[in-house]
Amino acid sequence: MLSSLPILSTLIWLPIIGGLLVLVAKKISVSSVRWLSLLIAIATFLVSIVLTKGFDSSQHTMQFYEQIAWIEVFNIYYALGVDGIAVPLILLTTVMTILVIIAGWEISKERIAEYFAAFLILEGLMIGVFCALDAILFYIFFEGMLIPMFLIIGIWGGPRRVYATIKFFLYTFFGSVFLLIALIYLYLHAGTFEIAALQLTTLDQTQQLLLFLAFFIAFAVKIPMWPVHTWLPDAHVEAPTGGSVILAAIMLKVGGYGFLRFSIPITPYASSQLAYLIIAISLIAIVYIGYVALAQRDMKKLIAYSSIAHMGFVTLGFFVIYKLTLANSSYSELALQGGMVQMISHGFISGAMFLCVGVLYDRMHSRQIADYGGVVNTMPKFATFFVIFAMANAGLPGTSGFVGEFMVILASFKANVWIAFLAATTLILGAAYTLWMIKRVVFGSVANDEVAKLKDINSREFFCLFVLTILVLWIGLWPAPLIEMMDASVTNLLNQAHQTNLP
Amino acid sequence: MKTLCLIIVLAPLLAAIIAGLFGRAIGRSGAHWVTIIGVAISFFLSLIVFKQIIFDHVEPTSFDVYEWLSIGGLVFKVGFLIDALTVTMMVVVTFVSLMVHIYTIGYMHDDPGYQRFFSYISLFTFSMLMLVMANNFMQLFFGWEAVGLVSYLLIGFWYTRDSAIFANLKAFLVNRVGDFGFILGIAAVLAVFNSLDYEAVFSQAPLVNTQTFSITENIHWPVMTVICLLLFVGAMGKSAQVPLHVWLPDSMEGPTPISALIHAATMVTAGIFMVARMSPLFELSETALSVVLIIGAVTAFFMGLIGIVQNDIKRVIAYSTLSQLGYMTVALGVSAYSIAIFHLFTHAFFKALLFLGAGSVIVALHHEQDMQKMGGLRKYMPVTYWTMVIGTLALIGTPFFAGFYSKDAIIEAVKYSNIYGHQFAYWMVLAGVFVTAFYSFRLLFLTFHGESRMDKHTEEHVKESPKVITVPLILLAILSVVAGYFIGSIALGDYFAESIFVAESHRAIAELQSNYHGVIKFTMHAFAVPTLYLAAAGVVLAWIFYIYKPQLAEALKQKFSAIHRFLYNKYGIDELYQALFATGFKKIGTFCDSFGDRLLIDGLVVNGSAKIVNWFSSKVRGIQTGYLYHYAFAMIIGLLILMSKVFLQ
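Each protein sequence line maps, in turn, to chains A and B. With the first letter of the first sequence counted as 1, position 180 gets the number 181 in this note's numbering; the numbers rise by one all the way through. With the first letter of the second sequence counted as 1, position 276 gets the number 1490 in this note's numbering; the numbers rise by one all the way through.
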């Protein structure tokens, strides 16, 4: 019976409709808003578990396929399906949304319904991005996602939220315009918006290069890659905790996902031609942004910059495959998988780091590193978690942060010694900026009266951080199940990457 | 054997988790009991495995526990390799760990972080076992970083002390520099062999020796040299070889049991172990071996020199550890891997003994570490004194004590070696013997002999430490004597035949073996070579300076104050690094942040384009005046332009 249910539509619309219901429920009581939101998030999570259970990871084809004609004149379909690349990202989305709801339990007495509704609707839209098989449908989810996030930062954000939201919106919107142009051009060329069909379309060299650049601008802003990254630190600093968590954990991943769905399979020739550019930018992200992170005085900014550096491994993994010969396809697969693992892992770790900062911010209303010191004395439980996630952020083996970086470094070395050399500097830089922050915030003697008055985490906060710890350790100690889920799809993607799609 | 090995590894992990998470519930004695039982189980089971491999001659086995991940043809597994080298390390690690666990009951008696401490040292034991028992590079790296993490946590154990949290960050970052090389080395291994399994890599190693890595278009380096040098960078970090040695002396900020366990007996020797484990690779690169030899020789001598002028009792022993690690590295460089491991083995006992003895003194003096405030402790603390005398005699290489056999074997091996740099190394290690003897006896004299320099209050309360402290000292003292007698089997026999490979052309160890005719002859031989006399000279000089004519030492210090200051400041290397890396990195970061991100990207491009749009729109806005005649006028002009086109055609 379950198989007949349109499971992907359920995943998308359950949280969106649920979010609207939450808005209605605010008339009843605050607690009903909370519990209803949590219920919806958990229900969505359970559906995603059913999805994972039913997913056949030995196939690379799109599964749980749904299609309804939508705007027939333009050949636009409401078409959904998932492969091994989408499923882990959907799981990441449903898990993180639950945690954000729990973490935001007492965020604000006012407009709490709107707050939760925004996150639930956002969840549905993000899942939509990962399921869409039609380019226009993808584009609509891709753009629609911005609205709830815009509201989350704009309404519940910090003092400079207006500057941050406008910067965030213009930046990403600027990128999306190029995506739309690219899609319309492709439609005029191929007569379809079906992503799978576009991936088979032949395009000449110039077409591919131009399309690739258009895709690149759209997705590079989202990830974000250097030098179009400066919206992220501002957005994070002003966003409420939940907003930062979702932004870092999931929204950035949409950019990486875009590279895998559009850039590489649709314009493989251009991808191979311009791979050196992306690799160079990725390395700049790892090294240069690592240094920038070192200079930050604001914890959230520091973690935001650390996110950019870590996402550098994602793009490096995706494009270093073009520097590997076909005989070394195992290494190409290692690189692609490494990039994917890094996306999932970064989702958990950066989410956890932002939750940790949120815990401190809720108590002291400051994100400045200098305002803290010796937190471990008053908050030992919290300090334990914070140190664990910091270590994961620094890529300690046994945590998920290690796996992706390790895979990408190994594969890069096969391609070129110097790429690996620069990428591996993250071992030093990542540890330096993360642990230096920990030293100044967590360790030492109690810095001031405010810190002396801090109360350790409550059971609600404990739960969120505990769940993330388990996930981070699980992927770190046993990544095989995750890899297996993606294996067939990644192999298929690799085949597509080595086509040329030239006429 | 698989079950046995799993229990050996998991018992301390389980104990660490119980003591760490439920420390409050099980209480202080609960915490030490559960961890001591965990480590004791590991120790006794390790003895059983040891017996099977060494005495029953069970074949070395390698088996996998689970598959970490597999992609394409690349498989990464977690598994164990059990051979003579592994079991030796297992026994040393679990034994010293057990001693330190027991000792900690006394040493940390009043510390509020009691349970946390036990949890950490058990976690350390687990990590170290994972490291030495690994059968592949991935797991080796896991253990490698895990011991680094625990070391970080333990150096910063007293987290309210600024010096402690400075030291632990420094230790972690310097180690990360080593790991940077190490992970690239692992990547190089994978790139060449398509596998990270020891067995596969070692068996194919001789076949790939002609391959090269392209460093640039025109420069190609032999793969083995690249791999070995990169791996050795990792070893330099963990085993604190010059120039990555700076973290070890600072790590003395940690509680003393940790200095004994982690920063003397076990973790810091991981680099030595690793190179010995990789002997099938290092044997294929003369260049790498020479680098190893020279780095080791420099560390052995120059780090020992610093020990002469330090006043902190733990720091003297720390510099001594650096110097002894240098000796081990020298042994590796001349392909005498078994002797390196043998020195590691004897050093683990006598150095742990010295640290724990120093700890005993420190506890007795209420956490006073300055030797200038000690003196004459011999009569108050006889057990500590005599065990430390034994440890010191072993350290300086007195015949019949353990250190003599391992250190003399190293010096002899260097003499027989023919690898590039061996003459230099020979003089370094020889001079090092004198230096070692001098600083060791200086420590002994300043602490236990002469007049008391303690204040009244302390002197009244000084007494011998309790049994939980003295019993481990006595046990370690016994081993500091007898461990040396295994030289015939461990260092020069075929003990490591299955696990260590030495190329035919590297003759040092073979020469030594052919000249070896039993322990007695080896001991007697000492009287015919300069080593023993150098050590004796060091002792005598220390006696003159610190017992016979103490004013002489002071006068020399005044006269050569520049040299003294240079040594006392550790050649200024710490300050150099501080300026170059800590401050330098921060400056680069600030520059990138303020110039690159905020000025160029945000200021010029992002906000700049916003300003351009603003300027442009303000101009364009001028056109939308709202006056009808403006629009009408514009329309007419437009119409004229359009029509002109028609007319001109």
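Mixed in with the good hints there might be a few duds.
[As the list claims (entries may be wrong)] In silico negatives: residues of chain A with every beta carbon more than 12 Å from chain B:
(1) Ile69
(2) Gly82
(3) Val377
(4) Trp437
(5) Val447
(6) Asn449
[To be verified] Output of the computed footprint for chain B on chain A, the stretches with three or more beta carbons under 8 Å from beta carbons of chain B:
(7) 55–68
(8) 89–103
(9) 188–195
(10) 321–335
Hints are computed from structural coordinates only; laboratory data are not their basis. C-beta: ideal position from N, C-alpha, C; glycine also.
Results of checking the hints against the structure:
1. With a closest Cβ-Cβ approach of about 37 Å to chain B, isoleucine 69 of chain A is found to remain outside the 12 Å limit, as its non-interface label requires.
2. The Cβ of glycine 82 of chain A sits about 24 Å from the closest Cβ of chain B, beyond the 12 Å cut-off, so the non-interface label holds.
3. The non-interface label for valine 377 of chain A is inconsistent with chain B: the shortest C-beta to C-beta separation is roughly 6 Å, within 12 Å.
4. Its beta-carbon lying about 7 Å from the closest one in chain B, tryptophan 437 of chain A breaks the requirement of being farther than 12 Å from that chain.
5. With 12 Å as the threshold on Cβ separation, the claim that valine 447 of chain A sits away from chain B is violated: the shortest Cβ distance comes to roughly 8 Å.
6. For asparagine 449 of chain A, the condition that its CB be more than 12 Å from all CB atoms of chain B holds, with the nearest at approximately 14 Å.
7. Residue count for the region 55–68 of chain A with a Cβ under 8 Å from a Cβ of chain B: 0. That is fewer than the three needed, and the coverage hint is violated.
8. Requiring three or more residues with a Cβ within less than 8 Å of a Cβ of chain B, the coverage given for the region 89–103 of chain A is violated, as only 0 such residues are present.
9. For the region 188–195 of chain A, the stated coverage by chain B is not satisfied: 0 residues place a CB nearer than 8 Å to a CB of that chain, which falls below the threshold of 3.
10. Here the region 321–335 of chain A counts 5 residues with a CB under 8 Å from a CB of chain B, which clears the bar of 3, and the coverage holds.
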